[in-house]
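Enquirer: Protein chains in written order, with our numbering: chain S, 184 to 385; chain Y, 53 to 332.
In short, the hints are calculated from the structure, not lab data. Misleading hints may appear alongside valid ones.
As a list, the in silico SDA-like pairs of lysine to any residue whose alpha-carbon atoms are at most 20 Å apart [as the list claims (entries may be wrong)]:
#, chain 1, residue 1, chain 2, residue 2
1, Y, Lys212, S, Ala290
2, Y, Lys286, Y, Lys141
3, Y, Lys141, S, Pro272
4, Y, Lys286, S, Asp279
5, Y, Lys212, S, Asp279
Keep in mind that this is a model prediction, so the values were computed, not measured.
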Amino acid sequence: MNQQECSSGLIKQVELVVIGASSGGLDVLITLLQHLPRHYQIPTVAVLHQRPNRSSGVPEMLAKYTHMKVQEPEDKQGIEAGNFYVAPPNYHLLIDNDRVFSLSLDAPLNFCRPSIDMAFESAAEVYGDKLVGCVLTGANSDGAEGVRYIKRYGGHVLVQDPAQATVDSMPRAAIAAAEVDEIIKIEQIAERLSLFAEGHQA
Amino acid sequence: MVTVDRGEQLNEFEVEVECLMEALYLRWGYDFREYSRASLRRRVARYMSDNHFQRLCDLQHDLIRNKKRCVHFVRGLTVNVTDMFRDPKFYRVIREQVVPELRSHPFIKIWHAGCSTGEEAYSMSILLHEEGLGERAVIYATDINSQVLEQASKGVYHEKMLLAARENYGATGGSNRLDDFISVGYERFLIDPELKKNIVFTQHDLVTDQVFGEMQMVICRNVLIYFRRELQTKVLTLFHNSLDMGGFLGLGMKESLRSLPNSIRYKAIDESARVFQRVD
Ligand SMILES: C[S@@+](CC[C@H](N)C(=O)[O-])C[C@H]1O[C@@H](n2cnc3c(N)ncnc32)[C@H](O)[C@@H]1O
Numbered sequence: 184m185n186q187q188e189c190s191s192g193l194i195k196q197v198e199l200v201v202i203g204a205s206s207g208g209l210d211v212l213i214t215l216l217q218h219l220p221r222h223y224q225i226p227t228v229a230v231l232h233q234r235p236n237r238s239s240g241v242p243e244m245l246a247k248y249t250h251m252k253v254q255e256p257e258d259k260q261g262i263e264a265g266n267f268y269v270a271p272p273n274y275h276l277l278i279d280n281d282r283v284f285s286l287s288l289d290a291p292l293n294f295c296r297p298s299i300d301m302a303f304e305s306a307a308e309v310y311g312d313k314l315v316g317c318v319l320t321g322a323n324s325d326g327a328e329g330v331r332y333i334k335r336y337g338g339h340v341l342v343q344d345p346a347q348a349t350v351d352s353m354p355r356a357a358i359a360a361a362e363v364d365e366i367i368k369i370e371q372i373a374e375r376l377s378l379f380a381e382g383h384q385a
Numbered sequence: 053m054v055t056v057d058r059g060e061q062l063n064e065f066e067v068e069v070e071c072l073m074e075a076l077y078l079r080w081g082y083d084f085r086e087y088s089r090a091s092l093r094r095r096v097a098r099y100m101s102d103n104h105f106q107r108l109c110d111l112q113h114d115l116i117r118n119k120k121r122c123v124h125f126v127r128g129l130t131v132n133v134t135d136m137f138r139d140p141k142f143y144r145v146i147r148e149q150v151v152p153e154l155r156s157h158p159f160i161k162i163w164h165a166g167c168s169t170g171e172e173a174y175s176m177s178i179l180l181h182e183e184g185l186g187e188r189a190v191i192y193a194t195d196i197n198s199q200v201l202e203q204a205s206k207g208v209y210h211e212k213m214l215l216a217a218r219e220n221y222g223a224t225g226g227s228n229r230l231d232d233f234i235s236v237g238y239e240r241f242l243i244d245p246e247l248k249k250n251i252v253f254t255q256h257d258l259v260t261d262q263v264f265g266e267m268q269m270v271i272c273r274n275v276l277i278y279f280r281r282e283l284q285t286k287v288l289t290l291f292h293n294s295l296d297m298g299g300f301l302g303l304g305m306k307e308s309l310r311s312l313p314n315s316i317r318y319k320a321i322d323e324s325a326r327v328f329q330r331v332d
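Kindly generate the complete structure, drawing on both the sequences and the hints.
Expert: Written out as C-alpha cells, the structure reads:
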C-alpha cells in the first residue's frame with residue numbers, strides 16, 4: 184500500500200498537492216514556498232480563506248518567494264506541473280474528472296467560500312491515491328471533512344503541528360477527523376513535499 | 053484501509069449520477085448531461101440529503117414519474133447567487149468603453165443569459181438610464197429556472213443586500229446615487245418601475261433553446277462555469293450567432309474564451325473585466 188511505502192521511505196507517486204489554510208495562512212504559505220527546492224514541480228493548489236475581495240493580491244505576494252508560476256486559476260483551466268494555484272476569493276474551487284479546474288458559486292459551506300472541504304473532496308475523487316493534502320493554520324474546522332475523503336481515496340495527509348500553528352483549531356480538527364499520516368512543522372512539510380517531487384519527476 | 057484505484061473508473065454514486073442525467077433528458081428534456089460533474093454531483097448529493105433520499109435510485113424513480121418533483125429538483129440543481137453591480141469593474145468598463153459605441157445605435161438590444169433573480173439586468177438598466185440610453189434599449193433577461201424569473205420580475209430585494217449594492221454602485225463610476233433608482237422600506241428595496249419597462253424576463257435554456265438574434269450585447273456571467281468545455285463551446289457559438297457584428301460579449305470574472313471554436317474571433321475590450329467584441 185502506498186502509505187506503507189511512504190512510511191518505509193519509498194517515494195510515493197504524487198500528481199497533485201492541495202493545501203488548506205485560514206488565519207495566519209499567508210505567512211505559513213510563504214515559509215513553505217521558501218523551503219521548497221527548485222526541483223519541486225508538482226502542481227500545487229492552495230485554498231486560503233480570504234476576505235471576499237476581488238483582487239486579493241495574494242498570488243503577486245506569493246510569487247516573490249517561489250520559482251513556480253503563481254496564479255489564480257480560471258474556470259476550466261488545465262492543471263499543469265510547475266504551477267502554484269491560489270483559489271480565487273469568493274468562488275469554490277473544484278476539479279473535474281479531466282483534471283481541469285471548475286469554479287462554482289454554490290452557497291458557502293460552513294461559512295467558507297472557497298471551501299477547503301469541497302476542494303479536498305473533489306481533488307480526492309479525481310486524483311485518488313496520487314493526492315497529498317496539507318492542513319495548515321486556521322481558526323475553524325474547514326478541511327477536516329476533506330481530509331477524511333482524501334484518506335478514504337488512499338491519498339496522503341500532512342498536518343501542520345498544532346504547536347507551531349498560529350491558530351491551531353484547523354489542524355486539530357483535521358487530526359481528530361481521520362488518521363492523518365504525519366503531524367509535522369511547516370519546514371518538514373516542505374521537506375516531505377520535495378521528497379515527493381523526486382518521485383514526480385521520475 | 054481499502055483504497056480505490058481511480059483511473060478512468062467511476063464509483064457507484066458517479067455512475068448513478070450519469071444514469072440520472074440521461075433519464076432526466078429522456079423523460080423531460082432537461083439536459084444536464086454536459087454540466088461540469090464536480091459541482092453537479094455535489095448538488096445532487098445535497099438535494100438527496102435535504103429531501104431525505106437515502107438512495108439515488110429512489111430519487112430517480114420519483115423523478116421519472118413525477119414532473120413536479122423534477123421541476124423542484126432542477127431548481128435545486130441550479131445555483132442562483134447574484135448581486136446588484138457584482139464586480140463593479142465590469143460595469144465601469146461597460147460604462148466607459150462600451151456605452152460610447154452603443155450610442156451610435158438607434159435601437160439597442162441586450163441579452164442577459166442566466167440572469168437569475170434579475171439584479172444584473174436591473175443594474176444594466178440603471179446604467180443605461182444614467183447614460184441616457186434607457187429609452188432606446190431593450191433588455192432580454194433569461195434563465196432556465198422559472199422560479200427565479202418570477203422573483204426577478206417583481207424587482208423586490210432584501211434590505212441586507214443594499215449595503216453591498218450601494219458600495220458596488222459607487223465603484224462603477226455612476227454620477228448619481230443608487231437610492232435615486234430604488235425605494236426602500238419594510239426591510240426591502242424596490243426597483244423603480246420605470247426601470248422595468250424595457251426589461252423582458254423569459255425562460256430560456258442555453259442547452260436546448262435557440263439563438264436570440266441581432267443583439268448589440270450578450271452578457272452571461274457565472275453560468276458557463278457550470279458547463280463542461282464542450283458545452284461551453286456550443287453556448288459560446290450560440291452567443292456568437294446571436295450577436296451583431298461588432299457586438300459585445302461580457303463574461304464572469306473567472307470565465308474565459310478558452311472554449312471558443314477556432315473559427316470564431318473576439319477582440320478583448322478589457323481582458324481582466326472579461327469584456328469582448330465580436331470581430332468576425
Ligand atoms: C450563479 S447564477 C449567475 C447569476 C448572474 N449572472 C451573476 O453572475 O450574478 C447562474 C444562473 O445560471 C442559470 N442557468 C443554469 N443552467 C442554465 C441553462 N442551461 N440555461 C439558462 N440558464 C441556466 C441558473 O438558473 C442561475 O440562475
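Enquirer: Are the hints correct? Go through all of them and say.
Expert: For each hint, the structure was consulted:
no., hint, in the structure
1, Lys212(Y) / Ala290(S), "holds (16 Å)"
2, Lys286(Y) / Lys141(Y), "violated (27 Å)"
3, Lys141(Y) / Pro272(S), "holds (16 Å)"
4, Lys286(Y) / Asp279(S), "holds (19 Å)"
5, Lys212(Y) / Asp279(S), "violated (34 Å)"
Going down the numbered hints, you'll see the structure goes against 2, 5, while the others check out.
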